[in-house]
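Got chain Z sorted already, so can you dock chain B onto it with the hints?
Chains as they are written, first to last, in our numbering: chain Z, 6 to 428; chain B, 6 to 428.
Be careful, since some hints might not be right.
As the list makes no split between identical chains, a pair holds if one copy fits it or if it spans any two.
Said to hold, decoys possible - Straight-line Cα separation of at most 25 Å, DMTMM-like style, residue types lysine to aspartate or glutamate; simulated pairs: (1) K391 to E255; (2) K362 to E255; (3) K122 to E155; (4) K391 to D193; (5) K391 to E254.
In short, the hints are calculated from the structure, not lab data.
Protein chains: 2
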Amino acid sequence: MKFGGTSVAGAERLKHAARRIVAQRERGNQVVAVLSARGSTTDELIGMAAEVSPRPHPRELDMLLSTGERISCALCAMAINDLGYRAISLTGSQAGIVTDTSHTKAKILDVRAERIKELLGDGAVVLVGGFQGMSLPERDERGRIIRHGEVTTLGRGGSDTTAVALAAAMDADVCEIYTDVAGVYSADPRIVPGARKLPIVSFEEMLEMASSGARVLQLRAVEYARNHGVRLHCRSSFEDATGTVVVSEEETLEQPLITAVTHSTQEARVTLLGVPDRPGVAARIFGALSDANVNVDMIVQNEPLSEGAEADISFTVPRDDVPVAESTLHPMVGDLLSRVATHTEMGTVSIIGAGMKSHPGVAAKVFRTLGEQGINIEMISTSPIKISCVIERAHVPRAVQALHAAFELGTDVHQEDPFRGVR
Amino acid sequence: MKFGGTSVAGAERLKHAARRIVAQRERGNQVVAVLSARGSTTDELIGMAAEVSPRPHPRELDMLLSTGERISCALCAMAINDLGYRAISLTGSQAGIVTDTSHTKAKILDVRAERIKELLGDGAVVLVGGFQGMSLPERDERGRIIRHGEVTTLGRGGSDTTAVALAAAMDADVCEIYTDVAGVYSADPRIVPGARKLPIVSFEEMLEMASSGARVLQLRAVEYARNHGVRLHCRSSFEDATGTVVVSEEETLEQPLITAVTHSTQEARVTLLGVPDRPGVAARIFGALSDANVNVDMIVQNEPLSEGAEADISFTVPRDDVPVAESTLHPMVGDLLSRVATHTEMGTVSIIGAGMKSHPGVAAKVFRTLGEQGINIEMISTSPIKISCVIERAHVPRAVQALHAAFELGTDVHQEDPFRGVR
Numbered sequence: 006m007k008f009g010g011t012s013v014a015g016a017e018r019l020k021h022a023a024r025r026i027v028a029q030r031e032r033g034n035q036v037v038a039v040l041s042a043r044g045s046t047t048d049e050l051i052g053m054a055a056e057v058s059p060r061p062h063p064r065e066l067d068m069l070l071s072t073g074e075r076i077s078c079a080l081c082a083m084a085i086n087d088l089g090y091r092a093i094s095l096t097g098s099q100a101g102i103v104t105d106t107s108h109t110k111a112k113i114l115d116v117r118a119e120r121i122k123e124l125l126g127d128g129a130v131v132l133v134g135g136f137q138g139m140s141l142p143e144r145d146e147r148g149r150i151i152r153h154g155e156v157t158t159l160g161r162g163g164s165d166t167t168a169v170a171l172a173a174a175m176d177a178d179v180c181e182i183y184t185d186v187a188g189v190y191s192a193d194p195r196i197v198p199g200a201r202k203l204p205i206v207s208f209e210e211m212l213e214m215a216s217s218g219a220r221v222l223q224l225r226a227v228e229y230a231r232n233h234g235v236r237l238h239c240r241s242s243f244e245d246a247t248g249t250v251v252v253s254e255e256e257t258l259e260q261p262l263i264t265a266v267t268h269s270t271q272e273a274r275v276t277l278l279g280v281p282d283r284p285g286v287a288a289r290i291f292g293a294l295s296d297a298n299v300n301v302d303m304i305v306q307n308e309p310l311s312e313g314a315e316a317d318i319s320f321t322v323p324r325d326d327v328p329v330a331e332s333t334l335h336p337m338v339g340d341l342l343s344r345v346a347t348h349t350e351m352g353t354v355s356i357i358g359a360g361m362k363s364h365p366g367v368a369a370k371v372f373r374t375l376g377e378q379g380i381n382i383e384m385i386s387t388s389p390i391k392i393s394c395v396i397e398r399a400h401v402p403r404a405v406q407a408l409h410a411a412f413e414l415g416t417d418v419h420q421e422d423p424f425r426g427v428r
Numbered sequence: 006m007k008f009g010g011t012s013v014a015g016a017e018r019l020k021h022a023a024r025r026i027v028a029q030r031e032r033g034n035q036v037v038a039v040l041s042a043r044g045s046t047t048d049e050l051i052g053m054a055a056e057v058s059p060r061p062h063p064r065e066l067d068m069l070l071s072t073g074e075r076i077s078c079a080l081c082a083m084a085i086n087d088l089g090y091r092a093i094s095l096t097g098s099q100a101g102i103v104t105d106t107s108h109t110k111a112k113i114l115d116v117r118a119e120r121i122k123e124l125l126g127d128g129a130v131v132l133v134g135g136f137q138g139m140s141l142p143e144r145d146e147r148g149r150i151i152r153h154g155e156v157t158t159l160g161r162g163g164s165d166t167t168a169v170a171l172a173a174a175m176d177a178d179v180c181e182i183y184t185d186v187a188g189v190y191s192a193d194p195r196i197v198p199g200a201r202k203l204p205i206v207s208f209e210e211m212l213e214m215a216s217s218g219a220r221v222l223q224l225r226a227v228e229y230a231r232n233h234g235v236r237l238h239c240r241s242s243f244e245d246a247t248g249t250v251v252v253s254e255e256e257t258l259e260q261p262l263i264t265a266v267t268h269s270t271q272e273a274r275v276t277l278l279g280v281p282d283r284p285g286v287a288a289r290i291f292g293a294l295s296d297a298n299v300n301v302d303m304i305v306q307n308e309p310l311s312e313g314a315e316a317d318i319s320f321t322v323p324r325d326d327v328p329v330a331e332s333t334l335h336p337m338v339g340d341l342l343s344r345v346a347t348h349t350e351m352g353t354v355s356i357i358g359a360g361m362k363s364h365p366g367v368a369a370k371v372f373r374t375l376g377e378q379g380i381n382i383e384m385i386s387t388s389p390i391k392i393s394c395v396i397e398r399a400h401v402p403r404a405v406q407a408l409h410a411a412f413e414l415g416t417d418v419h420q421e422d423p424f425r426g427v428r
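If we strip away everything but chain Z, and leave its shape as in the complex, we get (with noise of 0.2 Å):
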């Protein structure tokens, strides 16, 4: 069981945690639990270290940000107790959790879990601090440590990825993600208030679905859970029903034509004009964005009329990393470009559905749809299971609205059992 922030958040809603965590024990099930920091405890320690350094220390920052998740899990752990369950909190590190050395963003290497198995099989529930590990020490061939193990965290959504890892290394039967909001939505319900809720989602689906916009799971504790085969279960903290279950394509028994229609609007587009068409000049242009952090999403090129011509080329990045985008960019102007166009007001709309693969012609109805509503499309990219289109930011909620009607994704075609459908 994984509870983010806004779940945690306050005394009443840990207590509730709390209790949800002992419903499931209750029902004879062996529970480990990973908490988030509490509401905008981590938003807090990083407005403390910006404080006090312009750029703070990485093995400093990761002590500091650390300690949120340890409060939330020594409070659960209090009010477990007093429900009359045995509870213990353990940080990343007492749980195992072991991560590369790359503080602030760690990778999880290994999971050693013979505390929390042997916790389990005393009864106890166990809490799990999310977001963070720690990395090995380093010993000589004497077996001296030549450098200490350290207090890692990885990155902003890293409790996701903690409890699919802890869930995937204890074999658990499922790893239920409570949030927020009641499961996987077939679009925004803010922008659609018919969406649906989906019973059950496939992981390519979910990874294309969180790449492109949704943000119930992170992206990287799904590719966990597909590479470790890890059944999800995204459900609401603050409702009994049940969510949407995320499972492997061959346990899907039906594939719809199209699961869901997804958005961002925090796009920019960054378009290269005059660019030599010869090789390694893209190589040397994105090799400096990638040096510089900058998240490159989409990337299109219009070929050149004739051979050895100046091409064009376009690509989208969140729309904050336009100022390091452009400063990495202005120097290459006159040698390797001949000028910059940046248009930070756009979104993106994306279709996903696993059965898009067999059927053609979604890209043509996708693009008569946007058509139709006088949607200019701006930049297309495909892939075997999703379309997204780049188009103007104001745009954005009617082509949601639009492809939702078009492709009747709120048509109720499934009960609302999760499982229904799952060999």
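This is chain B only, laid out in the frame that chain Z set:
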């Protein structure tokens, strides 16, 4: 260097502490700094626990409370790194502070300072979270862990003890305690404006002062320093002047008759009337109070007039302990005593001085001084270097002023060099 909560509250004070640490480093010293939680952090964490649980589990309380000092240390390390020095923050457990297993009131058993020594040898400044440690894992004869090591805390004011214990383990030249007061005074300057900052105090005097109301140093920390010969220097975080040095009695050249007047206004007097004068009765009464964690200080019993008659016993407790004391004592009425009388508006005034031992007549002068003020002495307790009188709370300021004047403690007989008078 140890910085208390007010010295690290807020970004500016924390950066100020960082600069003081760097200044010591620039003088060529190796520096280990122990930090408390910032300002009211510990109280806030206790408040969070109280919201979640009426009696928080001690292990989880320690997991919770130990985060406060870690936050201070990580932030301070960031600030020192920005000043161009390498700084590493360590938790109590990373710093090798080994304690017993008594959660929330653990005692330090050992300091395994290898990692700190190694870091200092590499030129780093080491920051250690105060108030916390780690119990050792327990293993069976085959080396398997049968009880894991756990995060522990040392109880209120434990950061002073952390600092002294590290100073002892590192064989430090001095343990500097930075607070919001400039040192140890001959009386509380808020009550006696002419009170003098004492350049030098012996451990024995400091112990008596700490136990009779002076709040500049924790009693446990002074005991630890005395037992391990750690020289203490209490000084202000906010000004550069030297403060008060605490050293062993043998190191002080002169022993002033009277060093200081201390006081407390948080006392209550409990009188037990009609206690049978037979062996074991007092043991049962005070045993029960001790089991209830009532902190009994001064005890006075008047001799019964005849063999086998009943006695009256009076004792003082902190005013906050009165409700628990009363609920512990009331079941004994009729059996072990006839009546309990409580007076909550009491205080104590004490005079302390290592030279008192060899000068009779001090007690007489104390009684005469208070008598001239029309102040009635309710109870008296003495040690070789202290005379304490319980009086009505309302009279405490006047008593402190009168005693400070009578023993001429405001006269500046010492220079402001704290190491003057030290062999």
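As a check of your reading, is K391 near D193 (CA-CA no more than 25 Å) within one copy, between copies, both or neither? Within one copy only: 17 Å inside, 74 Å across.
How would you label the pair K391, E255 (within, between, both, or neither) given a Cα cut-off of 25 Å? within (18 Å within a copy, 83 Å between copies)
Within, between, both or neither: how does the pair K391, E254 come out at a Cα-Cα threshold of 25 Å? within (15 Å within a copy, 81 Å between copies)
Quick one: K362 to E255, C-alpha cut-off 25 Å, is that within a copy, between copies, both, or neither? within (15 Å within a copy, 89 Å between copies)
Intra/inter-copy verdict for K122 and E155 if alpha-carbon distance must be at most 25 Å: Close inside one copy (23 Å) and across copies (17 Å); limit 25 Å.
In the structure shown, no violation is registered for any of the earlier numbered hints.
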